[in-house]
Structures are given as C-alpha cells and as structure tokens.
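Spelled out, the chains give:
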Amino acid sequence: MELYLYIALFSPLVGSLFAAIFGASPKTSITGYVTSALLFTSFVSSAILLNYVMGGHTVHVEMMTWMATGDLYIPFGFVVDQVSVVMMMVVTIVSTVVHVYSIGYMDHDKGFNRFFSWLSAFVFSMMVLVMSDNFAGLFIGWEGVGLCSWGLIGFWYQKDSATWAANEAFIMNRIADLGMLIGIFLIYWNIGSIQYDVVFAEVGKLPIDVITWIGIFLFIGAMGKSAQFPLHTWLADAMEGPTPVSALIHAATMVTAGVYLVVRSNPIYDLIPNVGLFIASLGAFVALFAASMALVNRDMKRIIAYSTLSQLGYMFVAAGLGAYWVALFHLMAHAFFKALLFLGAGNVMHAMHDELDPFKMGGLRKVMKGTFIMMTLASVALAGIYPFAGFFSKDLILEVGFVEHHYVIYTVLLLTAGLTAFYSFRLVALIFHGEDRYKLFGIHPHEAYKFMLVAMSPLLVLAIIAGSFKMTYYQLVTNLLPSTQYHVHSEATYWIMTIGTQLFVMLAIAFAYKKYANWNSVPDGSSAMENRFCYKLLWNQYYIPKFYEEVFSKPYLELSKIAWKQIDLKIVDAMVDTIANVIYKTGENTRDIQDGNLSTMLRWMVFGLVVLLALAVAFTVGYNAVGA
Amino acid sequence: MEVTLTHYLVLSTVLFAIGLIGVMRRKNLLMLFFATEILLNATNIAFAAISHYIGDLSGQMFAFFIIAIAASEVAVGLGLLIVWYKRTGKIDLDQMNSMRG
Amino acid sequence: MIDHILTLLIFFPALAAMLGFVVAKDSMRAYGIAVAAIEFALSLWLWYAYDPMVSGMQFMESTPIVAAFGINYLLGVDGISLFIIILATFFTLIGIASLTETRRIKDLIITLLFLEMTMVGVFAALDAIVFYVFWELSLVPMLYIIGAWGGPLRIYASIKFFLYTFTGSLIMLVGMLFMAYFYYQATGMWSFSILEWYRLILPENFQLWLFAAFFFGFAIKVPMFPFHTWLPYAHGQAPTIGSVILAAILLKMGTYAFVRFSLPLFPDASVFFMIPIAIIAIIMIIYTAMVAYAQEDIKQVVAYSSVSHMGVIILGTFALNVEGVSGSVFLMLAHGVVSGALFLLVGVIYDRRHTKMMSEFGGLASVMPRYATIFGIMMMASVGLPLTINFVGEFLSLLGFYKQSHVLTLTAGVAIIVGAIYMLTAYKKAFFGPVTNEENKNLSDINKTEMVGLIPLVIVAIWLGVYPKPVLGPINNSVESVIQLMHDKAQSAEAKERIPDLSGKNGTISMQEAH
Amino acid sequence: MFEAIAFYLFAALTIVMFTITVMTSQALYAITAMAAGMIFISAFFFILGADFLGAIQIIVYTGAVMALYAFGMMFFDTTRNVIEKRTNPKIVFVLGILAAVMVVAIFVAPIVSNNIHALYPVEANVGNSQAVGMVLFSKYLVPFEVAAVMLLVAMIAGIVLAGKKMDKSLTLMADDQIALNHTSQESNHKGGGH
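Residue numbers (our numbering), protein chains in the order written: chain Y, 1 to 628; chain L, 1 to 101; chain U, 1 to 515; chain Z, 1 to 194.
Mixed in with the good hints, there may be bad ones.
Which chain Y residues stay away from chain U? Per the calculated CB distances, all over 10 angstroms, these [what the hints assert, rightly or not]: (1) H405; (2) M471; (3) F547; (4) A580.
As a list, the in silico DSSO-like pairs of lysine-lysine whose alpha-carbon atoms are at most 27 angstroms apart [unchecked claim]: (5) L:K90 with Z:K139; (6) U:K448 with U:K469; (7) U:K496 with Y:K110; (8) Y:K450 with Y:K369; (9) U:K429 with Y:K110; (10) Y:K110 with Y:K27; (11) Y:K570 with Y:K585; (12) Y:K546 with U:K441; (13) U:K496 with Y:K159; (14) Y:K565 with U:K429; (15) Y:K110 with U:K441; (16) U:K403 with Y:K554; (17) U:K429 with Y:K554; (18) Y:K570 with Y:K546; (19) Y:K536 with Y:K360; (20) Y:K366 with Y:K450; (21) U:K448 with Y:K561; (22) Y:K360 with Y:K205; (23) U:K403 with U:K448; (24) U:K496 with U:K403; (25) Y:K515 with Y:K369; (26) Y:K110 with U:K428; (27) Y:K570 with Y:K159; (28) U:K403 with Y:K205; (29) Y:K159 with Y:K110; (30) U:K429 with Y:K546; (31) U:K448 with U:K429; (32) U:K469 with Y:K27; (33) U:K441 with Y:K159; (34) Y:K565 with Y:K366; (35) U:K428 with Y:K565; (36) Y:K585 with Y:K360; (37) U:K428 with Y:K159.
Heads up, incomplete: computed chain Y residues facing chain L, CB under 10 angstroms, no partners named [to be verified]: (38) L598; (39) V606; (40) G608.
The set of hints was computed from the structure by calculation and includes no laboratory data.
Keep in mind it's a predicted model, so treat the numbers as computed, not measured.
All C-beta atoms, glycine included, are put in the ideal place defined by N, C-alpha and C.
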C-alpha cells in the first residue's frame with residue numbers, strides 16, 4: 001500500500017515538474033494531458049487506498065528525516081487514515097476534474113503550461129497537507145498551497161488587480177500562519193514532539209490553559225486559510241484568478257484546509273469546549289455575514305466566493321461544536337457542488353467573454369443548456385434541497401446546533417440557509433432566465449466544449465448523490481473522530497424542523513425567482529434600493545476592505561517611509577555621520593596647532609608634559625589615598 | 001644641614017625648569033641649543049646624585065652616555081644650523097614653518 | 001596532507017593570487033575559476049574527511065607564533081565553522097564563475113582570492129589573535145572591491161564600511177586582550193587560544209563587560225540595529241560580486257563570532273543580555289523590514305531584507321538551546337545562499353538596464369521568464385517558505401527562542417509577515433504588470449554565465465530545504481557541546497535554568513534511533 | 001657641613017649662570033654664562049664622588065662643546081643683541097614652573113626611593129674612575145662602542161654639513177634648482193671635453 005501512497009502523493013509533483021519544463025515555452029497541449037493523466041493516477045491510487053482503509057487498516061510511512069536537532073525530530077511522514085483518505089478522495093476527484101476542464105478553459109491562454117505546472121503543484125501541496133503525519137508536514141502543505149494560490153491568483157500577472165489580490169492572499173495567510181507556527185511551537189515545547197499520534201495521546205496531560213492557547217493559535221492558522229472573519233477579505237479578491245483555480249483552490253480544497261486542521265486536531269479541541277464554542281460562534285457569524293454580502297454583489301464569481309465563505313462558516317460551526325464528522329462531511333459535499341458551480345460559472349464567463357456581471361447576462365439557458373442544468377442543480381444542492389448532497393450535510397449542521405442547545409447559532413444558520421438559497425437562485429435567475437440582456441453589449445455567447453461538460457459530470461453526479469454515502473462515510477470516519485450521533489429527541493420535532501427548513505428554503509428560492517427571473521435592465525446605481533444605507537453597506541462589504549486599506553495598508557506604507565527617510569537616514573545614520581564629522585572637524589580645527597612654528601610646538605610639548613605629570617601626581621595621590 | 005638626594009633632585013628640577021623656559025622662550029636657534037644643553041645637564045645632575053645615594057654606578061653610566069649624545073648633538077646640530085643659515089641668512093625659529101599642517 | 005588541510009585551504013588562494021599577477025589578462029578568468037574550483041574541491045574534501053559524530057574540533061593545527069604570550073597559529077573546524085567555510089569557497093567559485101564585470105578583471109579576481117583567504121582564515125582560526133588578524137584583513141579586499149569597482153558614491157561607502165567595522169573590531173580587540181589577561185591572572189600563563197579560554201569561568205561582572213566589548217565588534221559586523229547603516233551604502237555602491245560576498249559570507253563573521261566567542265565564554269552574560277539583545281533583534285527584524293518595504297531601489301530591498309534576516313539569526317543564537325543555536329547556524333548558511341543569490345539576481349538586471357530602480361522595471365516576467373522564475377524561487381526562499389533552505393533555519397531559530405520568551409517570539413514571528421510584504425511588493429513592482437518601459441521590451445533572458453552562478457544556488461536552496469540532515473547533523477553535534485559547555489560553566493541560577501542540561505540526553509538519542 | 005655649603009654655593013651659582021644663559025639677549029653673555037654653569041655642575045659631580053664624570057664634564061662640555069659653539073657663533077653675526085619675538089611670555093613661565101613643581105612634588109613624595117636596589121654597587125676599595133671603567137667595559141661595552149661610532153658619525157656629519165662645498169650639495173637646493181643644475185651639468189658633460 002505504501003507504493004500507492006507514494007503514487008498518490010507524488011504523481012501531481014511529477015506532473016507539475018513536467019509542465020514546468022515547458023513553463024516558459026508556448027502552449028503545448030501535452031502538458032495538460034500529462035498532468036491530467038497523472039492526477040487521474042493519483043485519484044486511482046487514492047481510491048485503492050480508500051478501499052484499503054475501509055477494510056479497517058491505515059497506512060503510515062516515514063519517508064525520511066527532515067529536521068532533527070536537539071530534541072526535535074521531524075520526519076517526512078505520511079499517514080493514510082480514515083480522515084486523510086476522505087480528504088485525498090475529495091482533492092483528487094475535484095482536481096482531476098478541474099485539470100481536464102482546464103485543458104478546455106485555458107485553451108487560448110499563453111500561459112497554458114505554466115498554469116498546469118502551478119495547478120499540479122497545488123494538488124501536491126494539498127496532498128502533503130492532508131497526508132502528513134505531523135504538524136510540520138501539515139505546515140509544509142499549508143504554505144505550499146499558499147504559494148500555489150499566490151501563483152494562480154496572480155496568474156495573469158499583467159493585471160494589476162490580479163497580482164494585488166495574489167499578494168493580499170499570501171500576506172493575509174501569512175498572518176494566520178504565524179499563529180499556526182506559534183501553535184506548533186507551543187505543542188513542541190510542551191509535548192516534545194509534533195507527531196499527531198504523540199501529540200494527541202499526550203495533550204490531555206497538559207494544563208488546560210496551555211491547551212487553550214494551543215487551540216487558539218492553531219485556529220488562528222485555520223482562520224487565515226479558511227478566510228474566516230477578520231481575515232476574510234482575500235477570498236473575494238482571489239477571484240481574480242482563472243475560474244478553474246477558484247473552483248479547485250478557493251472553493252473545494254485549500255480554503256477547507258482550516259476545517260481539516262480543526263477536524264484533525266479534534267483531540268485538542270475536545271478538551272477545550274470554550275474555544276470550540278468560540279469557533280462555532282465565529283463560524284455562524286461568518287455564515288451570515290458572508291451570505292449578506294452575497295445578496296447584493298454584482299460579480300458572479302464573488303457571489304460564489306461569498307457563498308463559499310458562508311459554507312465554511314457552517315463547517316466551523318459543526319467542528320466547533322464537536323461534530324467533526326459532520327464538518328468533514330459538509331466539507332466533502334460542499335467541495336463537489338461548489339466546484340461544479342464555479343466550473344459552470346467558468347463556462348458562462350467564457351461564453352460572455354469574461355463578463356462577470358450577471359445583470360448583463362440573462363436568458364443564457366437557451367444557448368447553454370448543459371451549463372444551465374449543472375449550475376441549477378449545484379445551486380439546489382447548495383441550498384440544501386432534498387435529496388441533494390447539501391441537504392444531508394447542511395441540515396445535519398442545523399441539527400447539531402439545535403441538539404447542542406445553541407439556539408442562537410441554530411437560528412442564525414437557519415436564516416443563512418434562506419439567504420443562501422436566495423442569492424444562489426438570484427444568480428441562476430439573472431444568468432439563465434429573463435431577457436437576453438447580453439445583446440446590448442454585442443456578445444455572442446456559446447456553449448463550452450463538450451469534453452468540459454463531460455469532465456464536470458462526475459461532480460454533478462456526486463453533488464446529487466453524495467448524501468447517500470452518509471452512513472458509509474460515518475462508519476469510516478468515526479473510527480478516528482468522535483462518533484456522536486446528532487438526533488433530535490422527538491420524532492415530531494425532527495420532522496417539523498426538517499420540513500420547516502425545506503419550506504423556508506424553497507420559499508427563498510421562489511422569492512428569488514420571482515424577483516429576478518424577469519429582470520430586464522442593467523442597474524446603473526440610480527435606483528432607490530441601490531442608494532439605501534443597507535445596500536451600500538453590503539455593496540462595500542461592510543467597508544472592511546476600505547477599513548483595512550486605511551488603517552493597515554496605508555499607514556504601514558507611510559510608517560515604512562518614515563522609518564526609512566526620517567529614522568534611518570535622518571536619525572540612525574545621521575548619528576553615525578555626526579560622530580565621524582565631529583572627529584573630522586576636530587582634526588580640521590586642531591590642524592591650526594600644526595602651524596609649523598617649532599616654538600609653538602615646543603610649548604605644546606611642554607604643555608603635554610605638564611599634563612602627563614599632573615596625571616601622574618593625581619594618580620599617585622589617588623592610589624595612595626585608596627591604598628591607605 | 002645634611003644634603004640629601006631630594007636636594008639634588010630639587011636642584012636638578014629647578015635647572016630643568018630653567019632649561020624648559022629657555023626652550024620655550026628662545027627663538028634664536030643657537031640660544032635654543034644652549035637651553036637644551038641646560039636640560040641635559042639638569043638630568044645629569046639627577047643621575048649622578050641618584051647614583052651616589054643608591055650606590056649604583058648605572059646612573060653615572062647614563063650621565064656619561066648623555067654627555068656623549070650631547071656632544072654629537074652639538075656637532076650635527078651646529079652643522080645643520082650653519083647650512084640653514086647659509087640658505088636663509090637667518091636662524092629664527094618663527095620662520096621655520098614649512099611643516100605647517 | 002589532510003592534517004594540514006586547513007592551512008592549505010587558507011593559503012592556497014593567497015598563493016594562487018600572488019601567482020595571478022603573472023597570469024595573462026585574457027586567461028585570468030579561467031585561472032580564477034580553476035583556483036576557486038580547486039579550493040572548493042578542497043573544502044568538499046574537508047567535509048568528506050570530517051567526522052560528523054565528533055562534536056569537538058577537528059583537523060587542528062598548532063604552531064607557536066609568540067610563545068611568550070601564548071599566541072599560536074591554531075586552526076580547527078567543528079560543525080559550526082565547517083559549513084561556513086564551504087559556503088565561503090562555494091561563493092567565491094560562483095562569484096568568479098558568474099562574473100560579468102569587465103573592468104580590470106585581473107585585479108578583481110586577485111582581490112577575490114585574497115578575500116577568500118581571509119574568510120576561510122576567520123572561520124578556521126581558533127586563536128583569538130589569528131582570528132582578529134584575519135577578521136581585520138578581510139576588510140581590506142572588500143574596501144578595495146567597493147572602492148575600485150563601486151558606484152558613484154563608492155569612496156564614501158567604502159570608507160564608511162571600513163571605519164565603522166574597524167571601530168567595532170578595535171573594541172573587540174580590547175576585549176580579547178583583557179580576556180587573555182584574565183586568563184593570565186587565573187592560570188599564570190598567557191594564552192589566546194579560544195579553546196583554552198573556554199575552560200575559564202569568569203565572575204559575572206567581568207563577563208558583562210567583556211561581553212559588551214565583544215558585542216560591539218560583532219554587532220557592527222552583523223550588522224545589528226542601530227549599527228546597520230553602513231550596510232545599505234556598502235551594498236548600494238558595491239559591484240554585484242562585492243555585495244554577494246559581503247552578504248553571503250562577511251556578515252556571517254559577526255554571527256559566527258557570537259556562537260564561537262560570546263556564548264561559550266560568557267554564559268551568564270549571555271543569559272543576562274538575552275532579552276535586551278532579543279529586543280534589538282526584533283526591532284531589527286521589523287524595522288528594517290519596514291525600511292525595505294519603503295525602498296525604491298531593488299538592491300536596497302535585498303540589502304535591508306538581509307539585515308532583517310540577520311535579526312532572526314541573532315534571535316536564534318540567543319535562544320541558548322540546541323534548537324535555536326543550530327537553527328541560527330543553519331540560517332547563516334541559508335541566508336548566505338539566499339541573499340547571495342538575490343544579489344546576483346539584482347546584478348543580472350543591473351547589467352542589462354544599468355539601473356536598480358524598481359519604477360524603471362515592471363512586467364519583466366513576460367520578457368525574462370527564466371529570470372523571473374529563478375528570482376521567484378529565491379524570493380520565496382527568502383520569505384521562508386517550507387522546503388526551502390531559509391525555512392529550516394528560521395523555523396528552528398524561532399522555535400528555539402520560543403522556549404525563552406513567548407511574547408518576544410510572537411513579535412519576532414512578524415518577520416514572516418513583513419518579510420512577505422516587502423518581498424512580494426518588490427517582486428510585483430519589478431516583474432508583474434504590463435511592460436511599460438520601452439527599454440525593457442527587448443531585454444534578453446538570463447545567459448549561460450549567469451545560469452552557472454544561479455542554478456547551483458537554486459539547487460542548494462531547495463536541496464537543503466528538503467533534506468537538511470547532512471548539514472544539520474554535524475551542526476547539531478557541535479552546538480550540543482557548546483550548549484553543554486555553557487550549562488556547565490553557568491553560575492547564576494537563572495543561567496542554569498535557561499541553558500538546558502544535555503548531559504542526560506541519551507533518552508532522546510535512542511528515541512531518534514527508534515524512529 | 002662643608003658639603004652642604006659647597007652644595008648651596010654651587011647650586012646658587014649654577015642657577016644664576018643658567019638663568020643668565022636663558023634670559024640674556026647678548027649671545028656672548030649667554031655662552032659665557034653657559035660655560036661657567038657647566039663648570040659649576042662639574043663641582044656637583046666631584047661632591048657626589050663621581051670624579052670621572054666631573055672630569056668628563058669639564059673636558060667635553062667646557063672644552064669641546066663650548067668651543068664648538070664658539071666656533072659656530074663666528075659664522076653668525078652674534079655680536080649684536082639677539083632680537084627675538086616674544087609671544088605670551090607668561091605662558092612660558094607658567095608652564096615651566098608648573099612642570100618644575102610637578103616634578104618636585106613627585107620627587108619629594110618618598111615613594112620611589114624605597115624600591116630601588118643597587119645592581120652595580122660601588123665598590124669601596126676601588127676608585128671612581130676604576131669602577132666606572134669596570135662597569136663601562138663590561139656591562140656597557142656595546143653601548144659604549146655604539147656611542148663611539150655615533151660620535152664619529154656625528155663628527156663626519158658636522159664636517160659634511162658645514163663643509164665648504166655645501167653649496168653644491170643636493171640637500172640644500174630646491175627641486176627646480178636641482179633639476180637645473182643637473183641638466184646644466186649634463187650639458188657640460190656633453191658639450192665640454194673638460
């Protein structure tokens with residue numbers, strides 16, 4: 001099985017390096033085929049491993065030593081257990097699909113080879129992240145995906161906004177990574193190892209405040225990668241990257257790494273329910289907060305990005321409340337339908353020549369039937385309608401909130417579910433229904449390549465049927481995760497809740513359709529609604545990006561300039577120069593003594609003699625005084 | 001009325017001070033040379049006195065060598081002085097300022 | 001021959017440089033490369049012959065110079081100095097091989113070979129006077145390189161460089177003389193041997209003063225805030241090769257000397273000054289990172305970033321535990337490789353455009369993709385991405401210091417954020433965006449000569465990031481003996497507690513074997 | 001008692017003589033007073049039992065050095081008053097006296113004298129000249145020889161410097177003069193057969 005593990009892990013790397021060889025040369029389709037094939041190989045290996053793990057085994061290998069000094073010992077160790085294999089499956093499935101899809105999507109792009117190199121490198125990093133058997137390995141993957149995300153968001157590096165977004169993403173993630181690093185340090189100095197098995201076995205013996213700090217710092221790491229408030233702004237800006245990237249990285253895999261971390265560290269978080277509650281509360285807040293921003297946004301990809309953010313909030317609620325398997329399940333289901341949604345959006349963008357404003361589309365269902373069906377179904381899944389994947393996972397989270405008696409969280413999540421349904425179908429309605437507003441802009445949309453749609457189909461299938469794996473999945477992961485079942489106590493309450501939720505969601509969908517299905521104009525910012533305070537607040541993302549800009553970015557730049565021009569040049573360096581100048585000036589001024597007149601020199605000589613004698617006397621007197 | 005080493009040393013110092021004043025005061029090079037001779041002689045007295053009172057001949061040896069050096073100094077110094085005088089016609093210290101820094 | 005390999009390593013380049021005067025100008029480059037290659041091969045042989053299991057000094061040589069004062073020509077290497085010596089020979093080779101300078105190349109290569117002698121000498125010397133002599137001698141070739149091949153302000157920069165570092169060294173010399181005097185008082189014999197000094201347990205107040213004296217010499221060399229201002233001028237005016245050697249090797253003399261002198265000689269003072277120095281290091285990290293962010297000249301960005309990273313090295317050194325000190329020694333190598341490479345890269349674009357202003361660039365990624373890729377890799381290494389050489393060192397340094405202070409480490413950890421900020425911003429300014437400047441449109445990508453210098457550095461940066469063990473192992477063994485020595489010598493209770501006792505460490509070794 | 005009277009007498013005389021040497025504006029007075037002072041100093045040597053040194057003092061100083069000065073003065077026009085520019089005479093005296101006071105203070109403080117031991121003690125049964133000779137030709141033989149060579153060198157130097165042909169000497173000419181002289185000599189060489 002070790003062989004399969006290595007194949008699953010390293011074939012994306014091989015693909016990446018292969019594509020990198022052609023990185024600077026013009027498009028060669030072979031890079032796309034090779035990387036996709038290698039990704040598929042990785043997927044097959046993961047599937048074999050899944051099968052093996054289902055048999056109750058786990059695979060644990062230690063490839064080689066990485067760092068060893070003092071008491072520290074960090075190997076490159078990989079583990080395939082019930083949790084990591086689920087993640088591996090999600091990652092390989094989505095990335096295989098995205099790779100194949102990208103062959104079509106990036107067809108005309110000059111950086112075709114570079115793109116595949118980055119994309120496969122990302123998959124490799126992600127695999128390292130999920131398969132590592134220690135926190136340092138996790139951190140390698142953690143930073144690796146950050147790097148690839150940087151490279152892919154800024155893929156179109158000629159665009160200033162893209163590179164800006166890339167840097168923003170990287171730096172924001174770095175802030176969080178510092179937290180994670182500190183968490184790792186804490187673990188090391190308190191436990192003496194950062195291997196998962198050792199840490200989880202020993203963590204219970206630590207004082208509670210230490211565990212709390214560990215939990216907090218690790219979660220700070222998770223907050224960055226999963227774009228939780230207040231480090232969320234980068235995710236929406238990351239939509240500058242090519243759409244397959246958004247699908248793979250910023251929906252299905254990388255952003256869920258934070259959830260994975262919390263799930264993986266469940267023995268730690270189990271000991272600190274207070275931190276768990278904080279995580280859950282933050283998750284619920286982000287769910288609502290992100291959904292509200294999605295309501296008014298006019299950028300198709302950003303809307304989906306906010307929806308991702310919102311769903312990540314759901315996952316954190318589950319994870320924070322100790323329902324780790326539920327969180328992971330939603331992670332999985334979400335990966336499928338959200339990737340599908342993004343890829344569908346990619347098709348639309350292609351058709352609309354990179355137009356992102358859904359108000360400028362409309363009526364596209366006529367020309368893009370396949371995409372229309374897929375996106376609608378994905379939205380249905382996202383909204384959580386029975387029997388799609390979203391129903392099983394999302395409803396479960398609501399139940400968790402209810403069963404754990406966190407009614408506020410429950411209410412917030414319920415409300416968010418309604419909002420989710422509304423904005424999802426607002427998007428679908430605006431894009432595919434109504435009048436053909438795109439004609440105003442002289443665009444002739446066309447459906448994407450067939451093979452792209454075919455490539456998307458596995459995701460469609462999974463988005464529909466993933467819910468049915470629930471019990472198999474449950475049995476699998478509860479080998480490792482706490483196996484709490486979340487059942488509402490009375491049958492009646494359960495049904496009322498479920499049906500009520502469904503009705504509420506459907507109502508929201510219906511409202512969205514009613515409002516937007518027959519939209520016929522492009523808003524120009526003059527309508528009454530658009531000038532309302534609430535709308536403006538949401539439209540400007542609660543002014544948070546502006547706030548960051550004004551409070552952090554600009555002052556930092558200003559401060560840096562002050563540090564350089566005022567402090568470094570005018571104080572620190574000037575001080576050094578002053579000392580040098582004083583010495584120089586002293587020489588310059590005292591050179592008059594050297595007027596060449598021997599008589600004067602003789603006087604100075606005698607003067608020096610007198611001074612020396614005086615010193616001798618003084619020291620002798622002093623010495624005698626002390627000596628006596 | 002015992003004459004002690006201190007007496008000699010004080011005498012030596014007084015003579016040395018006179019020489020020192022001469023060195024600083026004189027501008028005529030020849031006169032300056034006289035002053036340096038006084039300095040040397042002042043130290044010689046000190047050496048001889050110490051030699052006597054300690055009962056060690058080293059002091060006298062030093063004085064002896066000082067006299068030798070003083071003699072050579074006069075020979076070379078006067079030679080240079082004559083050269084200088086022939087070149088400039090003056091032996092005034094104030095005019096020797098080619099070493100101005 | 002292996003018994004005298006260190007002497008050979010030190011004086012071979014110097015002899016070759018002397019012979020270089022008679023070599024024809026046209027064949028000077030080949031001659032220089034050949035000499036540097038032989039020297040590098042010798043240093044690799046040194047590594048091969050080095051026994052990584054032994055923690056003490058190896059290949060020791062001793063010849064009395066001034067026997068009455070205990071001054072000996074005493075050489076030796078341990079895990080701490082071994083790799084810095086290799087780094088020095090490696091960079092001299094790379095520097096000469098990828099030399100693009102055309103003015104008076106013969107003089108330049110001869111100077112570089114002399115510089116190589118002094119660098120190897122500093123790291124191999126175990127006698128304080130020999131160390132001091134090489135330490136000061138190293139200033140002369142560098143002064144000449146900056147002063148003769150530098151930019152318009154080269155005279156100012158070189159004099160500042162020389163006088164500033166020289167002043168610090170003088171204070172250090174006073175410290176050394178005092179140290180020898182204390183040794184004389186304690187034992188009745190004169191000795192300048194560092195190894196002999198190690199055995200001396202000084203009273204704490206003596207330690208504080210001596211530590212301070214040594215500190216000035218080292219801190220200016222490192223350069224630590226607020227003594228760093230000579231460095232931007234030196235880098236700004238120095239030719240590419242000068243900056244590369246300066247950043248890669250010469251700065252390491254300071255940090256190396258901290259590990260070689262300050263820690264084992266003055267354990268109590270090290271603990272006493274730990275927090276203040278850590279604070280200086282943190283100021284250095286964050287403040288210079290901010291200054292780097294404000295720069296308009298790409299070489300200055302790299303120069304200040306180099307200062308910022310030196311802060312992490314200092315922090316790791318004063319972690320006073322095996323993890324931190326090993327990490328800081330490793331980071332010295334990493335910093336050498338990465339900042340050396342970055343200076344080489346800046347040199348590449350400077351050769352083409354004769355400007356270092358980032359506003360003049362922009363969009364270089366599309367014109368020079370290979371250049372952008374290598375720059376990107378090195379930038380990411382500088383930012384401290386895992387699996388690059390810098391990460392190992394930074395991780396271990398910060399990890400080590402975390403044992404001493406949580407809050408300070410958290411603050412120092414900001415390094416990874418601010419480092420990303422200035423590096424990414426600089427990269428964005430230079431490489432991303434559309435090509436706006438006409439002059440940039442037809443720039444040629446990296447040529448073979450430049451590749452020769454850069455590719456090995458990329459390989460090393462990634463190889464040692466993925467598999468640092470061959471280097472980290474010997475470093476670890478030697479550092480462990482240093483830490484144990486410090487623990488045994490420490491007098492105050494605080495120092496005993498801060499510096500871990502490794503004598504009962506067999507348990508962990510067996511644990512490692514079990515893995 | 002006799003010793004004390006002699007000491008004070010000669011001390012007073014020496015001081016007076018040397019003061020005249022330093023203060024007078026007549027070169028002849030100065031040299032005369034100087035010569036007298038030298039002879040008076042030799043008296044101290046005799047009092048101190050350093051007979052040989054006393055003899056040397058008279059021979060060398062009053063005989064050789066003073067004669068040299070006297071000859072030297074013939075070169076200069078020293079019959080007139082020596083005209084000197086005085087600047088800050090007060091400083092001169094203050095410094096000189098200060099120096100004297102300091103040295104006296106150091107000498108008077110009895111710290112040094114206790115620690116000095118005789119390395120070459122005076123032997124009671126031999127005379128001073130004999131003792132001096134013994135030390136001079138054993139311990140101080142090399143310095144003595146060096147001093148002899150030095151005197152020889154000084155003599156030659158004095159002759160060379162003050163010698164007659166010195167207006168041709170290169171040390172005396174300014175650079176351009178030398179160049180001029182040199183070329184003229186060369187041209188002489190070429191053009192002349194003499």
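Verification of the hints:
1. Listed as a non-interface residue, H405 of chain Y keeps its Cβ farther than 10 angstroms from every Cβ of chain U; the least gap is roughly 35 angstroms.
2. The Cβ of M471 of chain Y sits about 38 angstroms from the closest Cβ of chain U, beyond the 10 angstroms cut-off, so the non-interface label holds.
3. In this structure F547 of chain Y is separated from chain U by more than 10 angstroms, as the shortest Cβ-Cβ distance comes to about 18 angstroms.
4. The non-interface label for A580 of chain Y is inconsistent with chain U: the shortest C-beta to C-beta separation is roughly 7 angstroms, within 10 angstroms.
5. For the proposed pair K90 of chain L and K139 of chain Z, the alpha carbon gap of about 45 angstroms is over 27 angstroms, so the pair is violated.
6. Simply put, K448 of chain U and K469 of chain U have alpha-carbon atoms about 31 angstroms apart, too far for the 27 angstroms limit, and the pair is violated.
7. Between K496 of chain U and K110 of chain Y the CA atoms are separated by roughly 62 angstroms; this puts the pair beyond 27 angstroms, and the hint is violated.
8. Simply put, K450 of chain Y and K369 of chain Y have alpha-carbon atoms about 12 angstroms apart, close enough for the 27 angstroms limit, and the pair holds.
9. Among the hinted pairs, K429 of chain U with K110 of chain Y is consistent with the structure: their alpha-carbon atoms are about 22 angstroms apart, no more than 27 angstroms.
10. Among the hinted pairs, K110 of chain Y with K27 of chain Y is consistent with the structure: their alpha-carbon atoms are about 6 angstroms apart, no more than 27 angstroms.
11. For the proposed pair K570 of chain Y and K585 of chain Y, the alpha carbon gap of about 20 angstroms is at most 27 angstroms, so the pair holds.
12. Under the criterion of a C-alpha separation no larger than 27 angstroms, the hint pairing K546 of chain Y with K441 of chain U is inconsistent with the structure, at around 35 angstroms.
13. Using a Cα cut-off of 27 angstroms, the hinted pair K496 of chain U and K159 of chain Y is violated, with the two alpha carbons roughly 57 angstroms apart.
14. With a C-alpha separation of about 20 angstroms, the suggested pair K565 of chain Y and K429 of chain U falls inside the 27 angstroms cut-off, and the hint holds.
15. This hinted pair checks out: K110 of chain Y and K441 of chain U have alpha carbons roughly 17 angstroms apart, not beyond 27 angstroms.
16. The straight-line distance between the Cα atoms of K403 of chain U and K554 of chain Y is roughly 35 angstroms, outside the 27 angstroms bound, and the hint therefore fails.
17. Distance hint between K429 of chain U and K554 of chain Y is fulfilled; the C-alpha atoms sit about 17 angstroms from each other, no more than 27 angstroms.
18. Taking the CA atoms of K570 of chain Y and K546 of chain Y, the gap is about 32 angstroms. The hint is violated against a cut of 27 angstroms.
19. Our distance criterion of 27 angstroms between C-alpha atoms is met by K536 of chain Y and K360 of chain Y, whose separation comes to about 20 angstroms.
20. For a cut-off of 27 angstroms, the pair hint linking K366 of chain Y to K450 of chain Y stands: about 16 angstroms separates their Cα positions.
21. Only pairs whose Cα atoms come within 27 angstroms are accepted, and K448 of chain U paired with K561 of chain Y is rejected, the gap being roughly 38 angstroms.
22. Using a Cα cut-off of 27 angstroms, the hinted pair K360 of chain Y and K205 of chain Y is violated, with the two alpha carbons roughly 60 angstroms apart.
23. Simply put, K403 of chain U and K448 of chain U have alpha-carbon atoms about 47 angstroms apart, too far for the 27 angstroms limit, and the pair is violated.
24. Only pairs whose Cα atoms come within 27 angstroms are accepted, and K496 of chain U paired with K403 of chain U is accepted, the gap being roughly 14 angstroms.
25. For a cut-off of 27 angstroms, the pair hint linking K515 of chain Y to K369 of chain Y stands: about 22 angstroms separates their Cα positions.
26. Proximity of K110 of chain Y to K428 of chain U is assessed by CA-CA distance (about 20 angstroms); at most 27 angstroms being required, the pair is judged to hold.
27. Restraint check for K570 of chain Y and K159 of chain Y: not satisfied, since their Cα atoms lie roughly 37 angstroms apart, outside the 27 angstroms limit.
28. A distance of roughly 19 angstroms separates the Cα atoms of K403 of chain U and K205 of chain Y; the hinted pair therefore holds under the 27 angstroms criterion.
29. Between K159 of chain Y and K110 of chain Y the alpha-carbon distance is near 14 angstroms, which keeps this suggested pair within the 27 angstroms criterion.
30. Restraint check: the Cα-Cα separation between K429 of chain U and K546 of chain Y comes to about 22 angstroms, which is no more than 27 angstroms; the hinted pair holds.
31. Restraint check for K448 of chain U and K429 of chain U: satisfied, since their Cα atoms lie roughly 26 angstroms apart, inside the 27 angstroms limit.
32. A C-alpha spacing of about 39 angstroms is found between K469 of chain U and K27 of chain Y, which places the hinted pair above 27 angstroms, so the restraint is violated.
33. Annotation: proposed proximity of K441 of chain U to K159 of chain Y holds, straight-line Cα distance about 17 angstroms (limit 27 angstroms).
34. Simply put, K565 of chain Y and K366 of chain Y have alpha-carbon atoms about 61 angstroms apart, too far for the 27 angstroms limit, and the pair is violated.
35. Taking the CA atoms of K428 of chain U and K565 of chain Y, the gap is about 22 angstroms. The hint holds against a cut of 27 angstroms.
36. At roughly 74 angstroms between alpha-carbon atoms, K585 of chain Y and K360 of chain Y are farther apart than 27 angstroms, so this suggested pair is violated.
37. For the hint linking K428 of chain U to K159 of chain Y, the alpha-carbon distance of about 11 angstroms falls within 27 angstroms, and the restraint holds.
38. Below 10 angstroms, beta-carbon pairs count as interface contacts, and L598 of chain Y has one with chain L at about 5 angstroms; its hint therefore holds.
39. Of the supplied interface hints, the one on V606 of chain Y holds, with its beta-carbon coming within about 6 angstroms of a beta-carbon of chain L, less than 10 angstroms.
40. Using the Cβ-Cβ criterion of 10 angstroms, the hint placing G608 of chain Y at the interface with chain L is not satisfied: the shortest such distance is roughly 12 angstroms.
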